[in-house]
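K.L.:
Kindly produce the complete structure, drawing on both the sequences and the hints.
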Amino acid sequence: MKIELNVNGKDYSIEIEEHLRLIDLLRDKLNLTGTKEGCGEGECGACTVIMDGRIVNSCLVMAFQAHKSKIITIEGVEDEDIKNAFIEEGAVQCGFCTPGMILAAKSLLDKNENPSEQDIREAISGNLCRCTGYNKIVSAIKKAAEIKRGGRNV
Amino acid sequence: MYRRIKKVLGGDILKKRGKGIGVTFYGTGYGNGFPDVSRAYARLLEDGKVEILVGATEVGQGAKTVMVQIASETLNIPIEDVILVNEDTSKAPDAGTAAASRQTYNSGNAVKIACENLKDNILQEAKKILNVNSKIGLVCEKGSVYVKTYPSKKVSFKEIANINNNLKGEGVFIAHTTQMDENGQGAPYWPYTFAACAVEVEVDTETGEVTILRAKLVLDVGKAVNPTLVEGQIDGGFAMGVGYALMEDVGLKDGKMLNSSFEKYIIPTSLDIPNIEKVLIEYPEDTAPYGAKGIGEPVLLPVAPAILNAIYDAIGVRFYEIPVTCEKILLQLNKG
Ligand code: FES
Ligand code: FES
Chain A
1 MKIELNVNGK DYSIEIEEHL RLIDLLRDKL NLTGTKEGCG EGECGACTVI MDGRIVNSCL
61 VMAFQAHKSK IITIEGVEDE DIKNAFIEEG AVQCGFCTPG MILAAKSLLD KNENPSEQDI
121 REAISGNLCR CTGYNKIVSA IKKAAEIKRG GRNV
Chain B
1 MYRRIKKVLG GDILKKRGKG IGVTFYGTGY GNGFPDVSRA YARLLEDGKV EILVGATEVG
61 QGAKTVMVQI ASETLNIPIE DVILVNEDTS KAPDAGTAAA SRQTYNSGNA VKIACENLKD
121 NILQEAKKIL NVNSKIGLVC EKGSVYVKTY PSKKVSFKEI ANINNNLKGE GVFIAHTTQM
181 DENGQGAPYW PYTFAACAVE VEVDTETGEV TILRAKLVLD VGKAVNPTLV EGQIDGGFAM
241 GVGYALMEDV GLKDGKMLNS SFEKYIIPTS LDIPNIEKVL IEYPEDTAPY GAKGIGEPVL
301 LPVAPAILNA IYDAIGVRFY EIPVTCEKIL LQLNKG
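Line by line, the protein sequences are chains A and B.
Following full-length UniProt numbering, the numbering of the first sequence begins with 1 at its first residue and continues without gaps.
Following full-length UniProt numbering, the numbering of the second sequence begins with 1 at its first residue and continues without gaps.
Calculated from the structure, these hints are not laboratory results.
By construction, the Cβ of each residue, glycine as well, lies at the ideal position given by its N, Cα and C atoms.
You may find that some hints are simply not true.
[Unchecked claim] Footprint (simulated), chain B over chain A, 3 or more residues, beta carbon under 8 Å:
(1) 93-101
(2) 134-147
[Said to hold, decoys possible] These stretches of chain B come out as covered by chain A in the derived footprint (C-beta under 8 Å, 3 or more residues):
(3) 233-246
(4) 253-267
(5) 272-283
P.N.:
Now the structure itself:
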């Protein structure tokens, strides 16, 4: 079957098999390998992408369900504030969870530029990280929010 | 008013708080007689930068950063002038595994020795170029060598490399590791890292859930080569300790794993981990590169004992088996 979708601002019209998952479409067909597969069963959030403004686990979405939708993957995140804050705070260790974390952070900050610590912890609670213990990720998102509100110029 | 107080009191009774500490010491490296050797090469490049070859694997812990820092410190050159090749087995010599909390100490030592040897060769060459009788009066700084008492008498690493393109240094570090006797006595490791953890927990006596309210971790690091990375290791190790104490269970049965997916093998999320007050104690270790000891695993070890002690303080039940899950807590509470 054929689907149409927009990924990171680019329109695609692609022939897919019915059983294809969105994560396979992104990684194998569009070569956007920044999206990671951790568990393949909706538990870890490594495969997080933004679909029509909402974060989804791309391992649980079938590719055909993305027909006519707008997807943002880590490759399409133009927001340098979040990425820089992650680097500055030391919020990246092995990096496997990072694409998903950044998309979860983006989705939060798109809606709320002044999140509390609890808001941040809830926003990334669907994204598992084995390395960082989350604290530096939380402070990175706090910092990104601060920069966005004009607290500091980078 | 009366009803409100009653409610608050009720809340207090359902949720009990306790504090606990855990203190551990842990050897850096493989230890116990298992051979533990790290190798590194340093080479002066044509453009005056220095190439470091060392098979220290980066897994997110920061080996790449720390090796570059150690080389830059030893040769007194900017970080940007260190070119690290660390994960190419056709070029980099073996530096053992990124395990046993050993890369900073063991491979860091190898890098330091390689750089010292290279520095010696650079100074030897500079001595000839600057026409002085000994290396003693020479200073190595920011990619140049000059005469201490006559600083304008100077030659850059680049100029030295153009005169001699074969300046190298090798570093081999062999760690102390001896086997214990049949009674488990001996001196298996050197050095040891000490760590202490304190936590305050709240146990919900209705659901068995344990919440970590506050945490403090004190770590004797020898020297924090990169304090941000050490903090990252503390945060990560603490979270692993929380999982180890309260959640994580592979559930081995007849040699098979029962909990082989994240649906059943539960690890902490961002909501399970508090902010951690961190204290780094810097008491440099003589045999270590700039005093830095292994810290990767030591940060994790005192966490579970601290949590189990805090649970005991809260509800008076001693657990001897981990993970202390909600079910196990409820089972114990309903017993008595
Ligand atoms: S890979 Fe999709 S949630 Fe883990
Ligand atoms: S940085 Fe390794 S899983 Fe998050």
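K.L.:
For every hint, state whether the structure bears it out.
P.N.:
Against the structure, the hints come out as follows:
1. For the region 93-101 of chain A, the stated coverage by chain B is satisfied: 3 residues place a CB nearer than 8 Å to a CB of that chain, which reaches the threshold of 3.
2. Only residues whose C-beta sits within less than 8 Å of a C-beta in chain B count toward coverage, and the region 134-147 of chain A has 5 of them, enough to reach three; the restraint holds.
3. Restraint check on the region 233-246 of chain B versus chain A: 7 residues with Cβ-Cβ distances below 8 Å, three needed, restraint holds.
4. Note: the region 253-267 of chain B has 4 residues with beta-carbon separation from chain A under 8 Å; the three-residue rule is met and the coverage holds.
5. Residues of the region 272-283 of chain B lying with their CB closer than 8 Å to a CB of chain A number 3, which satisfies the three-residue condition for coverage.
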